[in-house]
Structure formats: C-alpha cells, structure tokens
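Keeping their order, the protein sequence lines are chains B, D, W and L.
Per my numbering, the very first residue in the first sequence carries number 36; after that it's consecutive.
Per my numbering, the very first residue in the second sequence carries number 36; after that it's consecutive.
Per my numbering, the very first residue in the third sequence carries number 36; after that it's consecutive.
Per my numbering, the very first residue in the fourth sequence carries number 36; after that it's consecutive.
In short, the hints are calculated from the structure, not lab data.
Wrong hints could be hidden among the right ones.
Repeated chains share a single entry, so a pair holds when one copy, or any two copies, can fit it.
For lysine to any residue, the following SDA-like pairs were computed, each having C-alpha atoms within a straight-line distance of at most 20 Å [unchecked claim]:
1) K302 x P241
2) K242 x E113
3) K420 x G360
4) K420 x S359
5) K273 x L376
6) K236 x K390
7) K236 x E263
8) K372 x D229
Number of protein chains: 4
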Amino acid sequence: MTAMNKENRRVCFVINSRANYARIKSVLIEMQKRSDCELQIVVGASGLLFRFGNVVDIIKRDGFTVDREVYSVVEGNEPIVMAKTTGLAIIELSQVFSDLKPDIVVTVADRHETIATAIAASYMNIMVAHTQGGEITGSIDESVRHACTKLSHLHFPATQGAYENIIQMGEEKKRVHITGCPSLDFIDENRSKDLNNILEKYLVNPKGIQNLDFLLVLFHADTQHYIEVSQATREILKAVKETNLPTIWLWPNVDAGTDYISKELRKFRDSNPSSKIQFVRNFSPEEYVTVLNHTKCIIGNSSSGIRESSRTGTPSITIGSRQSGREMAENVICLNKADSLIIRDKIIEQVNHGKYDQSNLYGDGNAGKKIAEILCTTQISIDKKFIPLR
Amino acid sequence: MTAMNKENRRVCFVINSRANYARIKSVLIEMQKRSDCELQIVVGASGLLFRFGNVVDIIKRDGFTVDREVYSVVEGNEPIVMAKTTGLAIIELSQVFSDLKPDIVVTVADRHETIATAIAASYMNIMVAHTQGGEITGSIDESVRHACTKLSHLHFPATQGAYENIIQMGEEKKRVHITGCPSLDFIDENRSKDLNNILEKYLVNPKGIQNLDFLLVLFHADTQHYIEVSQATREILKAVKETNLPTIWLWPNVDAGTDYISKELRKFRDSNPSSKIQFVRNFSPEEYVTVLNHTKCIIGNSSSGIRESSRTGTPSITIGSRQSGREMAENVICLNKADSLIIRDKIIEQVNHGKYDQSNLYGDGNAGKKIAEILCTTQISIDKKFIPLR
Amino acid sequence: MTAMNKENRRVCFVINSRANYARIKSVLIEMQKRSDCELQIVVGASGLLFRFGNVVDIIKRDGFTVDREVYSVVEGNEPIVMAKTTGLAIIELSQVFSDLKPDIVVTVADRHETIATAIAASYMNIMVAHTQGGEITGSIDESVRHACTKLSHLHFPATQGAYENIIQMGEEKKRVHITGCPSLDFIDENRSKDLNNILEKYLVNPKGIQNLDFLLVLFHADTQHYIEVSQATREILKAVKETNLPTIWLWPNVDAGTDYISKELRKFRDSNPSSKIQFVRNFSPEEYVTVLNHTKCIIGNSSSGIRESSRTGTPSITIGSRQSGREMAENVICLNKADSLIIRDKIIEQVNHGKYDQSNLYGDGNAGKKIAEILCTTQISIDKKFIPLR
Amino acid sequence: MTAMNKENRRVCFVINSRANYARIKSVLIEMQKRSDCELQIVVGASGLLFRFGNVVDIIKRDGFTVDREVYSVVEGNEPIVMAKTTGLAIIELSQVFSDLKPDIVVTVADRHETIATAIAASYMNIMVAHTQGGEITGSIDESVRHACTKLSHLHFPATQGAYENIIQMGEEKKRVHITGCPSLDFIDENRSKDLNNILEKYLVNPKGIQNLDFLLVLFHADTQHYIEVSQATREILKAVKETNLPTIWLWPNVDAGTDYISKELRKFRDSNPSSKIQFVRNFSPEEYVTVLNHTKCIIGNSSSGIRESSRTGTPSITIGSRQSGREMAENVICLNKADSLIIRDKIIEQVNHGKYDQSNLYGDGNAGKKIAEILCTTQISIDKKFIPLR
C-alpha cells in the first residue's frame, strides 16, 4: 500500500473472481487516473487460485497494485462450502479493512462471497458501494444480490429496470445511479481486435479455431440445483459435438457442483481425444470481448451470454434457471431444460442467423468513468433508512 | 437431539440472545405441543454468556432441549467484532445445519448475528423463516433486518406496516404472514403477576423497589454511533438520579460500545454507593413483562420500550436514533438527544400521566400459535424471485 | 452417529487424507469388531475432496459409518493456506467434539492439519492418542509431529527408534507403546493379489501396464522448499521418460506447492500425448499395497517409499529432504538433489537389483490389533507431565 | 507500521495478555534502541480487552507503535473457547504475517493462544523464537509450552533447568540460549518505588492499603480443573478475610472457568461491602513489581508468585496444581489443596517470616538485552531437526 494521504479519499475494491475483475476493471482504470482518491485493491477467493486462472496475476500485469491477498475459499463440492467461504471471508476482510481504513468499499455483483465484503464493511461503519444490483435472476445469487443492496449505501445498477427494482426495495433515490455495466466498456475498442494472437496464447491447438466458425461455452453450476448439472453438462457436450463446430469451452467458476461439471468435462476429454472442443481456464476481460465478438454463438448460463453479448450482438443460448428473469436483448434464446437435440437445433438456428443489432440495454460504454466520478465525489454517509413508497 | 423421525418436518430455531428468546419463546411452546414436527434448538452468541444472563440455562429450565451450543462471540468493544462474530457464526452454524438437517431454519429479528443464520441456511438450500422483518429503525439493525428479508423464504412480520414494507421489497405475498410479535403473547397472563417474588429473586435490595413507584432503564449501544454512548449514559444516569425514584437498570446487550456503557455504570455505582439504582443482568421473558407492567416509566432505547410496552400501556421514553422510524403507539415519547434535564422532565411527565390505553399495534397475543401452524404446514420451497410492483 | 451407550468408551478417529486412512484403517477394522467401545469417525480436510480421491466414499464403501464430515481445506498454493486450514479445522473440530463427546481422540501421523485435532481435543480436556510419533524427517511435518507428541497423552510409535525419541522428549513410559505402523497390516494379505483388476479399475489404458515391468511415482511438495518443486518434478518426469518404462504416477497431496507440481504434470501430459506415464488419483490402501508390491521401483518422496516398501521389499528411490532422517531399511536409495540423469541411473540400478529382503522395521503386521486393544482398555487420563531424564 | 527498510531485519512480537507484556517488555525496549532491526508489534486476544486491563493502551502509552490489533478471543466459560480462540488467532495472524513479512516472530511463554503464533509463523516458513520454554508446570500450559518449543527455531529459556529440558526434547544447542526471564529486568529499578502513587491511581480506597501490611492475590482458573475453581476461590476469600489484613486482589485472566471465579468475587464483594479486599484490573509491569515488593505475601497460582517473587524475596503461597513442577526458590510454600484454615495459617506464617533472600533462579536482570542481541544477529534458519541424545 502506498503511504496514506490524509486528504485523499480511500476507495477499496474487493475482487473475488475473474468475472468480478471483468466487471470492475474499467472503473479501476479510471480511478487510477484520478488524483483526488487513493485506490486500494484486495483480491480474494477464487481470484487467487490457479484453478480459476490466477486473476491476481492478470491484475498485476495490468499495472495495478494489489494491497492485500486474502485466501478464503474453503474447498469442496457441497453448498456448505459457500457458507464457510463467506464466513471466513468476513473474518479476513474485517481485519483487512481495519488496516486499510477505506472511506468506501466497493463490492461487485452477486457471487456468494460478495456479501462478505458488504457485511464486513457495513458492520464496521464503512460506506459500501455495490455494482450490478437490482437485476433479477435465478439461483442463490438472486438473494445475495438483493441482500447486498440492503447492506449498501451507494448503488450502481446497469439498467433502468434494475434501478427501479432498487428504488422499490426502499433505497433513497440520491444513492442510486444508473451507470451501465463496466464490463461493456471494453467492447468497442476490443471487439475487432485480432483473434489469432489470443488463440495462440491460450489454446493447445489454435489452428483448430483460427479462421473458422466456432462456438463458445460457459456453463456454471447453479448452486440451488447443483445435483442436476452432470446431466446438463452431458447434454451440452453432446449438442456441441453434434454440430461438429470447433468450440472453446471455459472451465466453470468455483462453486458447489463445479466438480460435477469438471468431472464430465474430463471424462469427455479422455474419451474424445480427437474432439474439436478445447478447454481454456481464463481470458483477460478484453480478450474475452474479442472471443465473444468472433464466436458464432455463445452457449451456457453465464451472465456474459446476456450482458456483454447484448452489445456485441452475439447470438446466445441460455440454458436452465440460473439467469431466468434477467433483462435480455433480442440476441438471446432461453431454454429451460438442457436437451441435447433442442440445444443442437437452436445452435444451428443462431449460427445461421448471424450477428444481431447491438443493444445498449446494459450500458453505453462509459460506466467506468461514471462510477469513478461518483465514488470520488459523493458524500460519505452511512445513515440509511428504508423509504416506503406508499 | 432426539432420534430423527423421517416423516416429521424438522424446524430449527437459532437463539442468539435474551431478546431473541423473549421474541420466540411462545412459538417454541407451541411447536413443542405439536406432533407433526420435530423442534430443534440451537443457542449461540450472547445466549451462552454469563455476562448476558446465561439464557441457555433459562431455556433448559423452561423445559426445552438444546440441541447445540455454539460459541461465536468474538469479544471486544469495536465494531469489527460484530463482523468477526458473524463470520465465525456462519462457519459454525453451517456445520451444525449439515448435522441437524433441518427443513426450515428460523432466524429471529435483526441483531447482527441474525444474518449468519440466514446466510448459512440459505446457502445450504435450506428454507429460512424470519420473524419481525419489515420494521424500520435506526442503527445497523435496519440494514441487517432487510438483508435477512431478502435471504429468507418465509416472513412473519408483526405489524401491517412491516408487512407492506416486505411486499414492497419484492417478496411474494404467499410467503408473508402478519402474525404479531410473539413477545406480546405472554403479556396478558403475566402482566398482573406478583412483582415482589421477582424482585427478591434478582435484586440485592428488593425492598428498595417493592411497593414503590419505580423506573426501568434499558440502554444499549447504537453500533453506528457507539462513541457517543458514554455521554448519553451519563445523561440518563443523571436524569434518573434527579427524579429520586428507585430504578431497575438492566445491563446492556453485548455490542460494540457496550464497554463504554458498562464503564459508566460501574463508575456511577462506585461513586454513588447509596444510589437507588439497582443493576440486574436478566429476567425471564415472563418476568420481564411483569416488571414492565409495574414500572411507572421505561426509559432507554430498547425495542421493548416500543413493542411490549404498547400492549401493557407502560409510559415510555425512547432516546436517540436506535429506534427511529419504528411504528409506535401513543405511550412513547421520543427524544433525539440525551439531555439530562429534558429526560428528567419527560420522566416526571410520563410518571404523572400513568398508564396509557393498551394497543394491538404489535400483536393480539396469538403470534406463537400462528407462526407454529405455518412453520409446520407451509410448503417447503427455496425458489424465490423478486416481484416487481410496477 | 449411533445412540450413545453410557457404559461404552467412545473413541473418535479424525481422518484428513488418503494417507491418514491407509495408516489407520486396520485399527478401525479392529475397533469395529469390539463390543467394549463405540467407534466414531470424523473425515475432514482433503479426505473430503474429489481432487484427492474422495477418501470419504472409500471409507463408507469399506463399511464404516462416518459421523461427521468437516470441510476445512482453504484452497491456495502458498504456505499461508496450511495455517488457515489448521485454524479453521480447530474451530470446526472443537464443535464436533463438543457434540460427539469422545473419551479419546486419535490423531494420525504428521500432516499439518493433524495438530488441529490434537489442539482441539487437548484444550477440551479430552485424551489424545497419536500414531506414528517420534519419527525424524524433513519438512514442517517434522515440527508438527513432535508438537503433536507434546500435546498427546498416548503414543503409538511404529519403531524402536521412534519410541526412544518420544521418551527423550519427556513423555511417561506408560503412555508410549511400540505397535508398528498400521499401514503394514495389509501387506501380507494383499501383496500378491491380482494387479490386473486394479489397473482396469483406475487406468485409462490398463494394457499399458498389465504384465509389464512398471515404475510407481509419488512426489509431494515439500512445504518448506515448495518453490523448487517445479524443477524437481521436471527432472523426475525426464528421468522416468528416459527409462522408457510404463509408469503409474499418483497425483500429489493437497499442500502448498502442489499446484506447481500439477502444472508440470499437466504440461507434460499435454506435450507428451503418447507418453507411457499414466496419472491416477487414488487407490484404496489395500490396492496400493498390491501396486507397490508389483512395481519394479517406487520413486519420489512419499513416506510409503520408506515405510510400506520396507516390508514389501520394493526397491525405492527417495528424492530431496522431505524424508531426510527417517529410519530406512536397505531397499531405499536416497538422493539429495533431483537430477534427471542420476535419477534415471538409480532407477535402472534398482530395477536390475529386484526385490530386497522383507524388513520388520516398521511393524510386524499386527499394529491394528495392538492399538485397538490399548485404546479400549487404557486408563483415561489427561494429567501429563514432562519427565526429565537427568 | 513504519516503511519497511529492505536491509533491516524485521522482528515481530505477538502480545496476547498483560502477563505476556510484562514478560517481554524489557526486550521491546532494547529492540527499540537498536538501529539494526525493525520492531513490529501485534497485540491480540485479551491484550485488547477492557475486562483485562486494556494492555494495548498501556503499550502505546509506553511509547511503542502497535502495528496490528487482532481480536481473537471467543467469549465463553467452557474449555472449547480456548480451542476456538486459538483457531481464530491462527487464521488472523497468518494474514497479518503475510502483510508484515517478519524475518522472525517472537511468541511469549505458554498461554493457549501462544501456539497460534507459533503455528501461523512456522507453517509460513518464518523463523519462530520462543521465550520461557522448557519450564515444567501443571495445566494445559504444560503441553502448550512444550509443543511451542517443538515448533520454534530459537529458544530463550529462563533457567538452567529449562535449558536442559529443551535440549532433552531434541533441540539443537546452538538454538537454545539461557537468558533469564525478562519480567525480572524491572525489579531492581522498581522494587523500591513509591507505592502510594500507584495505589492512588488504581484503588477506590487507597488509604485502605497505604502504609499498612497488605496481601496480594492472583488466582487464575486452571483450565484442566476449571470446575473446582469456585470452591477454591471461596476458600481463599475466607482465608484472606480471616487474616483481617487489607488485600489487593487482581482480576483473573480470561480463561475457561474465569467466570466461576468472577462470580465468587462479585458475590463476596456484594455481601461484604465493608471488606478490606480491593479488586484491581491491572497494573503496568513496573507498577506490579513495586506492589509485589511491598506486599507481605503473594497468594494464588500466578507464575509471578514463583518467578518475579523469587527475585524480590516476597513470601509466596502457591495453591493447587497449576504451577506444580515449576522450579522454585525458598520463598514459596506450595499447597496442593485450597483449604481456608491451612491457607490462613500459612499466610500468617509467611507474613511473620518476612522477606526472603533474593534469588537469581529466574534471571539476573539482563534478559531483555541478551534476547534483543540474539534476535538481531542470529542467522535466519528454519531447517531444524530432532537431535537424538543416545
């Protein structure tokens, strides 16, 4: 940590995963440019783990100083480890905040550990800012996201609908700012970048994708229905295989049920040595945008299949209940069940459709700048009160 | 724990303090009478501590079986220990739930540890029921209460206003039941019980109160303004002393800032050996009702000065922001600041006024029965979704 | 857990890894046969993890009842996670012991989490029994093992030398019993079992090993020199490859530095698709004995390359400081440094030498029976005192 | 924390209680004088608690910078909280060490949390120095002390006997240095200081002691026999009362069973309002020496009744098994049982005897200087190995 400047506001970002980083990076860039605040970065949870792409190294390579690294992932394949991870993260983060003494702590989106940041900071009378609140989805993320809203003092929803939901939950209007999602800020400058370099950096067999039509799959465990994921993974694998299209498949997040997915992926890999599916651990947020822009179709249940893809216009197929309820642009086809035949047909339909029109539903590309400005200038205040609408 | 009956629903109550117990005891009594469910009781946090009245012993003496005792209070006088206590409680409770395998977990009201119960259970895909949600107050309790609502699947608000706030926050109507507050269930049968026995059981000098007009003080730290409590405690002590009325003063809850209060109380006690103020650690919920009914005025910032006192009609003076926003009956005078002269005058005014009419604002005395019935018969379901009102 | 019988002694075993299980299983079998004690089994740490062979499932399949599963591994590749894992395990295990109320807790050997069991139990005034104490090795295990001895009340060293070291450390003679190591109890009945079935069960390509001379590698991170393991792993891979012998390579334990090893193994696998090395997650203890008996040479730094192999007479090459100081039979060649040329030459030397004479250094095959008898009949006593030898 | 100087060695002291501070303060003073090392101070456990004298404030008032404050005491009156406190402290301290990056961590003596420091540091490959190892006593402290020795790389025993015990346990001679106990370093300069100022600072009624013969009592819970402490406390109270001598009684340490003692003390105080016993929370280490030097007899089971009193020659009565086995000078009378009549008679005997000759058993007053010199100049090395004596 750089020496503390008494006059400067300290804003601390807690980044717990690769998805967190993608959704906050443009804010960090803007914060770093400013002279009126001190940027603090804490990396925790799966952000520190090799199995999930060592995001902490990417953050450092991007030129940021990481003030604290907080190991808090309790390993296991049952939902109980989400609870234990969150408990441990609260213990650790409260100690970190007592040392870094931030004026504002920023917590990102809705993974289960997110609430650890909000609890540790709010209980210690530190102002909490929350990004991507107010959205509606399935899974435990739905509850976590709204609970974080009620623990936070400053809100940066991505969409008009999310804004209205936050107000409905009783938050004061002056604390809620529609900014768009920072993950879209990179899209315009990165969508058309050279894909081949990226493929060579990450793929064992880049030639299997380069200059070809290819699919992109991100499929995570739904922690409330984690038992069913093995079956769903098999159906998606089968569907993708039957399209005979080369495919990039990103390893899932660390979550209850992840091992069920990993096991299926390994089994598939071992019994299909000549398959056209290549497994990748991680891209940087910018690289991911390029990949997303070039793929003919994104498949799975990642929010990027709704959010980022709305702006690249990438055809998308969202499977299961993990994203159910989320606002979507016209590029998304939703499937409630994972049936290989239907998935295969919808993939073909989407590949044939080609790119959709770009939508500004999740932001206009300036979220980072807007959020940084508010974080640096808003009044510090932790006294909040439920506002009845009636 | 009694042997698990496969056919019976298991409902687990987590009780973390004496206030928790008072607010759930009538539900436990009703649950114990029923043959269609298995009652599980976990006592944690300050419910296990001698300094806070050893509530666990009272629970056992009342005839309940305590299935698990979970030490989780991290000791200290700074807000950071609320965060650490909550983190530790999540770790512990998740292990307990994995062993007790409840179908429903009940979390009570809004103290900071309450959210540990809600997180551990909801993350483990166990249905969470929450009592006393939807109310509006000051302090971190305000945020914790609403965050618990968003993590819970079943709600038992005490008042119509609280019900409407929960609906506003996006909860499904079928999950929200106005039941009244169980803490009021004991009032009718206990209000007129013999006070003298209780005084003899708890007071060093019962004759200093018996058959006399007396005051009752409960003053807790407001964890968001915990630094100011020393001054406020001194003002209240001064005011009470100047009324020259005998007084029962209950030790404060364990909270950040509690030591500041305790220190003032000890200082006062040491330098006022002949004072008419007697300090008491704890009453049982029923005994408390009797004391509350007999006092000429309750002073401080306990919610019982608003909630239970509404039904006994006891004159009440509420000081500071800890309860600000809570629905009140006409028996309460609110003072924003703790000024000894004003407090003294208002005490005299309230003592002279005498009892107010009884109000049903916080319940009609049947909350325990209603809540138990719903817990035992509602459909088990953890799939919840935000309901937009527009 | 079965209902507690007041008259029966309760003995609780905490099993934290596949190695733990192999080293205590014959004791569990003997305990289960007895009617004078109640057997309790707690599985924790890597014993619950898929990545490390899901030992808990093997334990259940072997007919044991697992009373509690305790997730406590904090994931990461730095030594700090060993400390955090141990801290978390103490918190969890103390809660488990308060519920299971054992008379004796058994902790196995010397991995870093072992001390969590010893601390939780001894602090709670529960008698602690420790197996495989008194041995001398390198790595943090050396310190952990002796610290466990000083926290334990009953000792089951495997060798005469270990016995003498425990006495030297000031333990009372009546508390120390040379029993041999339980991991050797399976050797006689399993050494000659059919290997082919086992290979078919675990290997992708069993024919690559069946009826052929093959090598066996177990190489773990040395947590005090964990940075160097990448280099060492590469050297061993190179040496093994150059022998051109088919090889079974077991994935390493979960430890600081494990990721460095895994990364090298994956890299090797990806760039040597036609390699004769096959990677396996886990064998059962008995299956392992059969594999160990059939291999031409065991290579790496697992204690089984010294302990179990002494009784099968399997030629062994031990590399680095992790086992330095351990008592060895004549079958072991020690190499301080990992140099591929030297390793290769020593492998060829050992393969040419063939089986060594069987040694009883680490036990005569009756450790399980002896330990069970003492656990069930020894006097319960936690008052211990350092015995000066001068 | 001051900015880290790359060339300077960093030595980190973890102070967990008032007793810890008294036993390390003279080392801190010497460290602070030196320019060849950077002093780091972490205060944890009861060192942060108001109930135990707020040692952290005394440390700051003494001119030291406290780098980190780590709340880790899990509150409760059962032995389980010692285990949980230790587990939590390991989690917290490992995070602190990863941030402060010390070259050596110093852990003091033998309270249960002491081992948390040793585990966190040694697992993280940081050199651990341990003071007051090798002594023999009763209670769990006996096991903790020796386990810490086996986890440490540098030892500062106070006595020749302790030195020999450490060597016996297999430590290398070059790592063990007889330095005496730092708590004795203050004795010569403070023994004759003015007592009356100190009494006025801490006592409600200083005149009750000033210029009179008085007794000093320190009685802590023995965590292995914590149930019996109520009875023992009553016997000591009775004995002291019957001598009719004015008495200073220090509140006990935070430990399992402390509440039993506190309860008896409060009961006594309430029912003996005119008693000559005055209760005090804390003295500074130097003030304590003055009090100890002036008292006619120290009674209880504190190690200061053996250690510091050996050098002041203060008559001492040690009760119970907590100190049994410790090396003693001729000033100590040991009583196995707490019987009020015997205690009273022995008090009278000791008061009549008056001062004993001063002993150097626990040090010559230069421990601080010796320890600081070794800490700043010894070679950093974590590779340790058991040294067999045969």
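Hint-by-hint comparison with the structure:
1. K302 x P241: For K302 and P241, only the inter-copy Cα distance (16 Å) is at most 20 Å; the intra-copy one is 22 Å.
2. K242 x E113: Classified as neither: same-chain Cα gap 38 Å, cross-chain 36 Å, threshold 20 Å.
3. K420 x G360: Cα proximity of K420 and G360: across copies only (8 Å, versus 28 Å in one copy).
4. K420 x S359: Between. Shortest inter-copy distance 9 Å satisfies the 20 Å Cα cut-off; intra-copy 30 Å does not.
5. K273 x L376: For K273 and L376, only the intra-copy Cα distance (8 Å) is at most 20 Å; the inter-copy one is 46 Å.
6. K236 x K390: neither (26 Å within a copy, 47 Å between copies)
7. K236 x E263: Classified as neither; 34 Å inside a copy, 26 Å across copies.
8. K372 x D229: neither (35 Å within a copy, 45 Å between copies)
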